[in-house]
Each structure stands twice: as C-alpha cells, then as structure tokens.
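Chains as they are written, first to last, in full-length UniProt numbering: chain A, 1 to 367; chain B, 1 to 259; chain C, 1 to 317.
Misleading hints may appear alongside valid ones.
Claimed, not checked - The calculated label-pair distances, taken between Cβ atoms and stated as ranges, are:
#	chain 1	residue 1	chain 2	residue 2	range
1	C	Leu-205	B	Glu-247	50 to 60 Å
2	C	Glu-202	A	Ala-180	40 to 50 Å
3	A	Leu-356	C	Gly-253	30 to 40 Å
4	C	Ala-43	B	Val-57	25 to 35 Å
5	A	Gly-37	C	Glu-276	31 to 41 Å
6	B	Gly-15	A	Leu-356	42 to 52 Å
7	C	Gly-253	A	Thr-116	34 to 44 Å
8	C	Leu-153	A	Trp-99	27 to 37 Å
9	B	Pro-58	C	Val-118	35 to 45 Å
10	A	Leu-102	C	Thr-166	20 to 30 Å
11	C	Arg-110	A	Trp-99	23 to 33 Å
Stated by the list, open to error - Over the 10 Å line for every Cβ pair with chain B, so calculated as not near, a few chain A residues:
#	residue
12	Pro-25
13	Ser-45
14	Leu-46
15	Ala-60
16	Val-159
17	Arg-174
18	Lys-176
19	Glu-244
20	Tyr-250
21	Val-254
22	Pro-266
No lab work stands behind these hints: they were computed from the structure.
Don't be surprised by glycine CBs; every beta carbon is placed ideally from N, CA and C.
Each chain, written out:
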Amino acid sequence: MTVDTAARTESTPLTHRQLPRRIVPVVLAVSIAAGAGLAALVGFSLPALAILSAVVFTVAITTVSGVVEGRRKAVDRLVTTLVYSAFAVALVPLISVVWSVLDNGLVRFGADFLNTSMRNVTGLHDQEAVEGIGPYIGGAYHALLGTFLITALATAISVPVGLMTSIYLVEYGRGKLAKAIRFFVDVMTGIPSIVAGLFAASLFAVLFGVGTRNGFAGAVALSVLMIPVVVRSSEEMLRIVPNELREAAYALGVPKWRTIVKVVLPTAVSGIASGVTLAIARVVGETAPLIVTAGFTSSINSNPFSDWMMSLPAYVYSSAMRPLSGSEPQPSFDRAWAAALTLVIIVMALNLIARLIARIFAPKTGR
Amino acid sequence: MSKRIDVSDLNVYYGDFLAVEGVTMAVEARSVTAFIGPSGCGKSTFIRTLNRLHEVVPGTRVEGKVLLDGQDLYGPAVDPVVVRRQIGMVFQRPNPFPTMSLRDNVLAGIKLNNSRMRKSEADDVVERSLRGANLWNEAKDRLDTPGSGLSGGQQQRLCIARAIAVEPDVLLMDEPCSALDPISTLAIEDLIAELKENYTIVIVTHNMQQAARVSDRTAFFNIAGTGQPGKLIEMDDTTKIFTNPGEKATEDYVSGRFG
Amino acid sequence: MTTSTEPATKPPGRPRRAKVRPGDRNFSWATRAAGVLILIVLAGVAAFLVREAIPAFRADPAEIDGGEGFFAYVWPLVFGTLVAAFIALIIATPLALGIALFISHYAPRRMAQGLGYVVDLLAAIPSVVYGLWGIQWLAPNVRGTWEWLADNLGFIPLFAGPASATGRTMMTAGVVLAVMILPIITAIAREVFLQTPTLHQEAALALGATRWEMIRMAVLPFGRPGLISGVMLGLGRALGETMAVAMVLSTGGFTWSMVSSGNNTIAAEIALDFPESAGIETNTLIAAGLVLFVITLAVNMLARWIVARREAFSGAN
Numbered sequence: 001m002t003v004d005t006a007a008r009t010e011s012t013p014l015t016h017r018q019l020p021r022r023i024v025p026v027v028l029a030v031s032i033a034a035g036a037g038l039a040a041l042v043g044f045s046l047p048a049l050a051i052l053s054a055v056v057f058t059v060a061i062t063t064v065s066g067v068v069e070g071r072r073k074a075v076d077r078l079v080t081t082l083v084y085s086a087f088a089v090a091l092v093p094l095i096s097v098v099w100s101v102l103d104n105g106l107v108r109f110g111a112d113f114l115n116t117s118m119r120n121v122t123g124l125h126d127q128e129a130v131e132g133i134g135p136y137i138g139g140a141y142h143a144l145l146g147t148f149l150i151t152a153l154a155t156a157i158s159v160p161v162g163l164m165t166s167i168y169l170v171e172y173g174r175g176k177l178a179k180a181i182r183f184f185v186d187v188m189t190g191i192p193s194i195v196a197g198l199f200a201a202s203l204f205a206v207l208f209g210v211g212t213r214n215g216f217a218g219a220v221a222l223s224v225l226m227i228p229v230v231v232r233s234s235e236e237m238l239r240i241v242p243n244e245l246r247e248a249a250y251a252l253g254v255p256k257w258r259t260i261v262k263v264v265l266p267t268a269v270s271g272i273a274s275g276v277t278l279a280i281a282r283v284v285g286e287t288a289p290l291i292v293t294a295g296f297t298s299s300i301n302s303n304p305f306s307d308w309m310m311s312l313p314a315y316v317y318s319s320a321m322r323p324l325s326g327s328e329p330q331p332s333f334d335r336a337w338a339a340a341l342t343l344v345i346i347v348m349a350l351n352l353i354a355r356l357i358a359r360i361f362a363p364k365t366g367r
Numbered sequence: 001m002s003k004r005i006d007v008s009d010l011n012v013y014y015g016d017f018l019a020v021e022g023v024t025m026a027v028e029a030r031s032v033t034a035f036i037g038p039s040g041c042g043k044s045t046f047i048r049t050l051n052r053l054h055e056v057v058p059g060t061r062v063e064g065k066v067l068l069d070g071q072d073l074y075g076p077a078v079d080p081v082v083v084r085r086q087i088g089m090v091f092q093r094p095n096p097f098p099t100m101s102l103r104d105n106v107l108a109g110i111k112l113n114n115s116r117m118r119k120s121e122a123d124d125v126v127e128r129s130l131r132g133a134n135l136w137n138e139a140k141d142r143l144d145t146p147g148s149g150l151s152g153g154q155q156q157r158l159c160i161a162r163a164i165a166v167e168p169d170v171l172l173m174d175e176p177c178s179a180l181d182p183i184s185t186l187a188i189e190d191l192i193a194e195l196k197e198n199y200t201i202v203i204v205t206h207n208m209q210q211a212a213r214v215s216d217r218t219a220f221f222n223i224a225g226t227g228q229p230g231k232l233i234e235m236d237d238t239t240k241i242f243t244n245p246g247e248k249a250t251e252d253y254v255s256g257r258f259g
Numbered sequence: 001m002t003t004s005t006e007p008a009t010k011p012p013g014r015p016r017r018a019k020v021r022p023g024d025r026n027f028s029w030a031t032r033a034a035g036v037l038i039l040i041v042l043a044g045v046a047a048f049l050v051r052e053a054i055p056a057f058r059a060d061p062a063e064i065d066g067g068e069g070f071f072a073y074v075w076p077l078v079f080g081t082l083v084a085a086f087i088a089l090i091i092a093t094p095l096a097l098g099i100a101l102f103i104s105h106y107a108p109r110r111m112a113q114g115l116g117y118v119v120d121l122l123a124a125i126p127s128v129v130y131g132l133w134g135i136q137w138l139a140p141n142v143r144g145t146w147e148w149l150a151d152n153l154g155f156i157p158l159f160a161g162p163a164s165a166t167g168r169t170m171m172t173a174g175v176v177l178a179v180m181i182l183p184i185i186t187a188i189a190r191e192v193f194l195q196t197p198t199l200h201q202e203a204a205l206a207l208g209a210t211r212w213e214m215i216r217m218a219v220l221p222f223g224r225p226g227l228i229s230g231v232m233l234g235l236g237r238a239l240g241e242t243m244a245v246a247m248v249l250s251t252g253g254f255t256w257s258m259v260s261s262g263n264n265t266i267a268a269e270i271a272l273d274f275p276e277s278a279g280i281e282t283n284t285l286i287a288a289g290l291v292l293f294v295i296t297l298a299v300n301m302l303a304r305w306i307v308a309r310r311e312a313f314s315g316a317n
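All chains should be built: construct the whole structure from the sequences, respecting the hints.
Next up, the structure:
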C-alpha cells in the first residue's frame, strides 16, 4: 500500500522485479525433496510427505517472493498458496467419501440387491456366504419401497402447503400475519431433524397410542423438514416474476387469483419444480427422524399407515451398526455400502433432474 | 364502442402521501388525449387510476369521481376487474407473457378469463387484433413461437394487439414508446392514429413532439416541488397548448425553458 | 387494501373498498390457511415437546438416567453437542473460505463452474453416508494421528491418553461433521463471492491492488454477511446432526479427552436410545430434544442478528 514517492518524481518505470514463471515448479520440486527428507525423520508416510512439503513450499515461495518482488507480492503469493492448499486439503476427504461409496458399494450393488428384501435372511446365511458354502443374499427392496412411499407422502403433504404459503407471502401477505409466518418458517428451517422426528413420534403416540410407528409418521416428520424448504424456494421464485406481468394481466381484466394461477405460477414453474426436487433430495436421505418414527423391519411393507416400515437410510444405519452376524459382519457392511450407493445415486439423480427442469422449462426468451 | 371519460376532483394517495390533487378533466370519445409534464408530476399515477390499476399497489387510495359514459368507476358496487376489461392498457416496457406463444398472448385476455371460444372464432380474433396492431404480416408465420422472441417494437405492438383483443372502450398508454427505437416509435404512432377511429386513447408521453404529432388534446401536469402533489395545470386542444398556451408554466415547459 | 389512517377531510359515506370476487376471496383464504397451518404445526412441535418433556423435569432425580436428575443428565450431552460442532466449525471454516475463493477467484473459469456443481452435489449427500464413511474409513485411518497426539501432547487435557483403539472419538466425529458442513459453507460463500459487484473489484484493481488486496478490499467485505450466515448454517447443521455422530462416536460418559472414546451429543443420544425407550426415559429424551431445539434456535437467531447488523456495511444494496 505504500507509494514509492522517490520513484514517482523520476520517470516511473513500468517494470518491476518479478519472479520468472518457471520459479514456482522449481520451488515446488525443491520443497517436495525437502519434505521427503523431513518426513523420513518423523517416520515416512504419504500424508506426512504432503503436509511437510506444503509447509516448506509455502515458506519458501513467500520468502523468495518477499526478497525479489517486495512485501505486497509476497503476501499475494502466500494467500494464493494457502487458497490452493485449502482446496487440496478439502479434496482428500471429499474424494475419499465418493470413492469409498463407489468402491465398497459396487461389491453388492445390482439388480439382485434392489429386488430382494431382508426377510428370513439371518446371520447364518452371512457366515455361510463368507465361508463359501452359500450365496450372498439379502437386499434393500423393502427399504427402497419404504423410502419411496414415505418421501412421496411427505411431498404430497409439503408441496401444497408450502406452495400455497409462498403464494400467500408473495401475493397477499401484508402485516403481522405474513411477518409471523415468514419468521417462523425461518425458525422451522433450523429445526434439527431428530427434533422433527420426536415431534412426529410424540404426536402419533398421543393420537394412536404409545409406540405407534409407521410410514405415515415418518412422512409427517419429513414434512416438518420439507415445508420450510419448499416455502423458501418457491417464495424466491415467485418474487422474481416481474410485476409487469401481473399488471399486464390485471389490465386485461383478469381477476387476481386467475392472474396468479395462470400467469405468475406458469412463469415461475421451472424454478418451483426444481426447488421441490431439491427439497425431495434433501429429505430422502434423512435418517434420524425415520428411525424414531417409522422404525426398522426386514420385510416388505407397502402400507404406510400401519406397521413399521424400512427406509434406505435406516437400512444403511442398521446394517452398519447392527450386523446380522457378530462374527462375520462384512456381508452386512457390504449391504450398508450398497444401500448408501443407492441413496447417493437417488440424490444425485434428483439434483440432476432439478437442473434439467430448471433449464428445460425455463420461460423461453427466444433469443 | 368508444366511450368518453369525465374526471372530477380526483385525489390520489400513496398511503398518506397525496400524489395527485384535484384533477378535473374530460376525455372525448374517439380522440387521442396526451398527458405531458416533467418526471414525477403524477401523469402515470393518474392514468393508472383511470382503469383502477392504481389500487393494486398496497396502501393506495383514490378520492373523487371517474365517469365512463356517466358510470362512476369508483362507485360502491363496481368490480375493478370488470372496469379493466373495458379500459385496456399498454405499458411503458413491453410485457408479453413469457410462457405463452404469440397467439396465446393475443388471446390472453379472453383465455385467462376462461371464456370458451371456437377455434375459428379465436383465429378471427387473433388475426383481427394483430392486423389492428399492424403486426399481422410480421407475426402470421410464427404465431406459435414465444412472444418474447420478437423485437422490442414488435413486442409493444403485440401488447397493443393483446389489449384490443378484448375490445375495450378505452385504451390507456403509459409512455408506450419510451423503451423503443425511433423506427418502432413511428410504427406505434401510426398505429395510434389508426386506432383512434375506434377507440378513446389516452397516452402519457415524455416526448413533446410525439404529443404534438399524435394527440388531439393535451393535458399538462406539473409539480410545485418534491413532496408536493402533482396537479393538472391546463388542458386544451393540442395546437393551442403548443402554440398559445394559457399558462406561463405550460409555455415554459413546451418551449423547453423548463424541465 | 386501503390504509387504516383515513384523513379527516374525507367525506363520509363513501365506501372505497373494491368489491371482492368470490374466486379471489376463496383463493386468498386458501393461501392464508396454508400459512396458518404452518404456524399451527410449529406451535404443535413446541407444545408436544414441552408436554412430553415436563415429566422429565418433574420426575424424582433418582428415576432419571444417571440418578441425579435431568440437568445432571443433560449437561454432558450439551457439552458434547457444542464441542463436536465447535471442532467441525474450526476445521471447516478456513477450508471453506479457501475453497470458495479458489472457485470464485482463482480457478480457471471453466473448471470453476464444474467445481461449483460438484460442491453442490456433495452438500446433498445424506448424512448417513458420511456416518458410514466415518466409521468404516476415517476412524481406522486417523487412529494413528490421535495416538500421536495423546503421546506427544497428552499433557493437554483435551488430548489426554489413552487414545481410543478404534479411532471412534469426539475428534473423529468432529472431523466427519467438518467434512459434512464443508460443502454447505462453501456453497454459500462461493455464491456471495461471485455476486461481488464487478465494479467494486475493478475499482480495487484500478488502484493497483494485487489479487489478494482486491479480495480483501472488495470481495471479503461484500461477502462477509453471507459468509457468516453460511458458517452459522453449518453450525446449525453440525449441532443438529444426528447420524454421523451416532455412528462414528463410541459413546460414553463425560471426559475432557477428545481422543479417547466417551461423551455423546444430544441428537445421537436420542437416535441411539429412543427406539428402545419407554416411560420416563422417553420423556427424558424428549426433554433433551427440547434443549437441542432451544440451542439451535439461539444459534439461528444469533446468525440472523449478526447478518442484519452487518448488512448496512456490506456495500450491497
């Protein structure tokens, strides 16, 4: 930030001492060599090498730049290095998550896994499979069905309520009621998912007796989480519909509610639909509310209004935490990973669909 | 089908703020009336009270009378929706519905009110309205493309076609050419001259040459200062306003010494 | 639509209210009903939680898990909840800031778009998947690090040994939570950084600023409220996150050591115990849920307050 006043009075040179571009790879190579040496001292490992090399490189490049190019450039280079390393560091766990899911999930993932349930599958089967006597059996069909039914029910509850509320907030809401709704929708977005589960569980306990667990209770819990998301995203989408379009419709003698239904909603529909899809993607992987409301089961249950119902996240959880066979847990772990892969595929597909909806159904500009 | 408008003692409020005060005027049927005046003098606010569009902004209010051929638009049992069907409006920026095709845009006023219509009848309306808006030749081959694909001037003529498709008695135009290039502006001005055979037209404009070219009568609005209400200064035949106005303020404004 | 304050000059007996069409009235009532329903649901959540929690507050202390009353039961859980979230935040915030800057201002444009998309996708991965990854991949891999910490920094109570042999410790849970909230914070930070007005950035560059100086002068002040609300959102997620902790942490009683097994969070405790609970135990867990609700609510309020307070200085209109 300091201005070189001496230089200014003379004819100011436009060039400045700069490090050659090649210096960065050179310093990097030297740093890795030094890092390897240091790592050898503390006991060689790949993470140690990476960390030590990065530290050496940061110090080296900053010092070199400080000597040659001055303080400001040195700080700039330091920050650049830090930003790149933050990115590199963050890549490690994120890549590892994706890799683990793919690598472990593909062991059991397949048509067979998606088409069978866990009914009558016991630890004995798993032991036999590991010993090579029997086949690997058991799948997640019942969980897939449960997830589908529960999420569909939650969507059927949340979308009408959420969409109507957002219409109220954008088109009608003035004054205290609207303010209160907006505030409490914000509060609702912060409800921890387990608390939403507790609410649904205790609501059903009061209405239908203690210990009532079924898919519908799970759907109610998910709705509590989903409604605020739908309200917020739809509200945003309705708000960006230009007022001019509403006025154009009013000026044609169209009543307000028809204007909303036939002009405002169609204009915003792509954004609303993609927001709803993202909301579904968010609740489809919710685990905690379902294990306290819908419970666990190993059989197919296609009636969300009675009896316990398995869901994919609960399936992952129970397979990982309570393997069927205590001595040979690996088949259960494999099933957990395969179910996790299924879940990730569903979430990714929903995200992609949301993007496609936003792109395909966006109002055409024709330009 | 064209009707006259008589306004008496009209006050327009935004909340407690009096935006336009004490306007009394008569707008003749089958004529073009231009509103001119500096920015912020309440021309646009006033024109929006003539089809009760002003009140869609929350907290706004109107006092006084607006008579459409003797019927008070602000009478107790009057439905603003019905008023707006009889008094059409064209806006400053062209605003075709982005989700609808050209054809559906023209039919919007009819379709959005769920009136059933045979296809041949609808085709007639589309052709008649587009011809009326001088857009038929450019648009007839692309009736199913989105309306927003047209140029700005074409879009504005589409909006005019949309407004006249519901066969209103009066057509209000709020600076219809301010977002258009000179050639499109000329096209709209020619159109206004044709439309006045059948419609009562009220146009707000910032362009005094435009007012002089298209209008039969001109109303000059002015404002004493910020925070003051806008007022109607004088209204007379256009030639008189531009050659021999009755008020000093009008003369200053039209001769360019002000605003 | 008319305002309530009518001027005295208004002549009496002139109804100005527009006639309301039945379609309009029904539709607006339907939308209002939906909004009111949300308020009722939220009131219901609060009412049910309080109603079911009260027996836990009133119960004989000996009946509560641990035998010393509800508050003795809940405070280690509150501690665990806060600590896990705190560890996650400390790790995730600087990293998220770095990644967001990388995507918005350092990476080549074409790469940045793809990266932004990947971050959005990672934010959508369900927590149970992170939990599974935490217990099966991370815990075995970080065990050595915790042992090293316990051996070399064991004099600090937080790293007191012996380190867990499974790696399923509070630190591990914190790291899993950090990985989970990293994409969330990054997504929001990137969004606000990208929205920095080009004019501000060019103004800084035109003054001869280096890239970092430009970021410090234009991007960070503009993005600060967004960054803070992103961090707070991440904190809220970390506080309320259940599965990752329930799966990763080998739970137990309170301990200061973050590298040995022990401690638990409210959400995980509920998820682990609720399915098999009965009677007063259920009430206790619901009361704990109420405490968690209050904590997250407080964090959200704080976030909103900070953002509102800083907004005037952000340079955003």
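Right, here's what the structure says about each hint:
Our hint of 50 to 60 Å for Leu-205 (chain C) and Glu-247 (chain B) holds, since their Cβ atoms are close to 54 Å apart. At roughly 43 Å, the beta-carbon separation of Glu-202 (chain C) and Ala-180 (chain A) lies within the given 40 to 50 Å, and the hint holds. In this structure the hint that Leu-356 (chain A) and Gly-253 (chain C) lie 30 to 40 Å apart at CB is violated, the actual value being about 51 Å. Under the hint 25 to 35 Å, the C-beta atoms of Ala-43 (chain C) and Val-57 (chain B), about 33 Å apart, fit the expected range.
For the hinted restraint 31 to 41 Å between Gly-37 (chain A) and Glu-276 (chain C), the CB-CB distance of approximately 55 Å leaves it violated. Judged by the Cβ atoms, the range 42 to 52 Å given for Gly-15 (chain B) and Leu-356 (chain A) holds: they are separated by roughly 45 Å. Take Gly-253 (chain C) and Thr-116 (chain A): their Cβ atoms lie about 41 Å apart, and the range 34 to 44 Å holds. For the pair Leu-153 (chain C) and Trp-99 (chain A), the supplied restraint of 27 to 37 Å holds, since their beta-carbon distance comes to about 31 Å.
With their beta carbons about 43 Å apart, Pro-58 (chain B) and Val-118 (chain C) fall inside the hinted range of 35 to 45 Å. Between Leu-102 (chain A) and Thr-166 (chain C) the C-beta distance comes to about 25 Å, which sits within the given range of 20 to 30 Å. Evaluation of the 23 to 33 Å hint for Arg-110 (chain C) and Trp-99 (chain A) yields a pass: the beta carbon distance comes to about 24 Å. Every C-beta of chain B lies more than 10 Å from that of Pro-25 (chain A), the closest at about 51 Å, which supports listing it as non-interface.
With a closest Cβ-Cβ approach of about 59 Å to chain B, Ser-45 (chain A) is found to remain outside the 10 Å limit, as its non-interface label requires. Against chain B, the non-interface label of Leu-46 (chain A) holds: every CB pair exceeds 10 Å, the least being about 55 Å. Annotated as non-interface, Ala-60 (chain A) keeps its C-beta farther than 10 Å from every C-beta of chain B; the closest such distance is 57 Å. Residue placement check: Val-159 (chain A) keeps its beta carbon more than 10 Å from all beta carbons of chain B (closest about 20 Å).
With a cut of 10 Å on Cβ distances, Arg-174 (chain A) falls inside the contact zone with chain B, its closest approach being about 6 Å. At the 10 Å boundary, the C-beta of Lys-176 (chain A) stays outside the reach of chain B, the nearest C-beta of that chain being 14 Å off. In this structure Glu-244 (chain A) is not separated from chain B by more than 10 Å, as the shortest Cβ-Cβ distance comes to only about 4 Å. For Tyr-250 (chain A), the non-interface assignment is contradicted: its Cβ lies about 6 Å from the closest Cβ of chain B, within the 10 Å cut-off.
With a least beta-carbon separation of about 4 Å from chain B, Val-254 (chain A) fails to lie farther than 10 Å from that chain, contradicting its non-interface assignment. With 10 Å as the threshold on Cβ separation, the claim that Pro-266 (chain A) sits away from chain B is violated: the shortest Cβ distance comes to roughly 4 Å.
In summary, the structure is inconsistent with hints 3, 5, 17, 19, 20, 21, 22 from the numbered list given earlier, while agreeing with the others.
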